[in-house]
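Colleague: Under my numbering, think of the first position of the first sequence as 1, with each following residue one higher.
In case anyone wonders, no lab produced these hints; they're calculated from the structure. Warning: the hint list may mix true and false statements.
Unchecked claim - Label pairs and their computed distance ranges (CB to CB):
| hint | residue 1 | residue 2 | range |
| --- | --- | --- | --- |
| 1 | I52 | P13 | 32 to 42 Å |
| 2 | G194 | D103 | 31 to 41 Å |
| 3 | R113 | K190 | 15 to 25 Å |
| 4 | R57 | V174 | 17 to 27 Å |
| 5 | R114 | E44 | 12 to 22 Å |
Ideal Cβ positions, reconstructed from N, Cα and C, are used throughout, including at glycine.
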Amino acid sequence: MITTLAGIDFSAPAHEVAPQLIGVTLLVNGVGGRIVETEAYDREEPASHCFIGETPRNFAMFGPPGRSYVYQSHGLHWCLNFVCREPGHGAGVLIRALEPLADAHGLAAMRARRQLEDERLLCAGPGRLCQALGVTRQHNNLPLSEAPFLLLPRDPAREVAMLAGPRIGISKAVDLPWRFVEAGSRFLSKPMRGSVL
DNA sequence: GCAGGGATGAACT
DNA sequence: GTTCATCCCTGCA
1 MITTLAGIDF
11 SAPAHEVAPQ
21 LIGVTLLVNG
31 VGGRIVETEA
41 YDREEPASHC
51 FIGETPRNFA
61 MFGPPGRSYV
71 YQSHGLHWCL
81 NFVCREPGHG
91 AGVLIRALEP
101 LADAHGLAAM
111 RARRQLEDER
121 LLCAGPGRLC
131 QALGVTRQHN
141 NLPLSEAPFL
151 LLPRDPAREV
161 AMLAGPRIGI
171 SKAVDLPWRF
181 VEAGSRFLSK
191 PMRGSVL
């Protein structure tokens, strides 16, 4: 089983994988950008979809790590997660925002899908980035090591300063500081007021 | 059958 | 900066 991708061991707990994903480039069919915002979710805390146990919707999170979990939120937005931990545990990292890269990585395609010029808002939010990358239910429970997914390691020459803080859009376990962002990024779904990691 | 949701965009103060 | 309608699917009574 492949659990290490882009230099990250996905069998680790989600709150350890999530900060390591900041700065990694995510591409879907060659379209994407640098990850600048993530959130960790785990079976053992009530904000997680897997807190209630395995269901037809969340079964992918109970599968092997290094795969995708895509779900529909509020009936119209898709959200992309990366599965973590050992198989059967139930944990994942929600990808919340990307920094769009040069047109070599499909900037034009993202603009067309979003019908929006502003780079800043192209991928600033889990629903938005799925729209920009064309992620839907078809992308649920797929290995991140294979097409259409591609993960490229962080640029070692580029320093990444990170902040950790409370997660967004949840009503339970709101105090857990499991949201991770690149400090100072212009491409976040919401500004971060948290502590330096 | 029904309540509520890991969100967004527009319309506001 | 803030609230508000809206999307429809999921899980549980």
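Colleague: Each of the hints needs a verdict: does it hold here or not?
Modeller: Status of each hint after checking the structure:
no. : hint                     : result
1   : I52 to P13: 32 to 42 Å   : 19 Å, violated
2   : G194 to D103: 31 to 41 Å : 32 Å, holds
3   : R113 to K190: 15 to 25 Å : 22 Å, holds
4   : R57 to V174: 17 to 27 Å  : 22 Å, holds
5   : R114 to E44: 12 to 22 Å  : 35 Å, violated
Figure legend: structure checked against the earlier numbered hints; hints not met, in rising order: 1 and 5.
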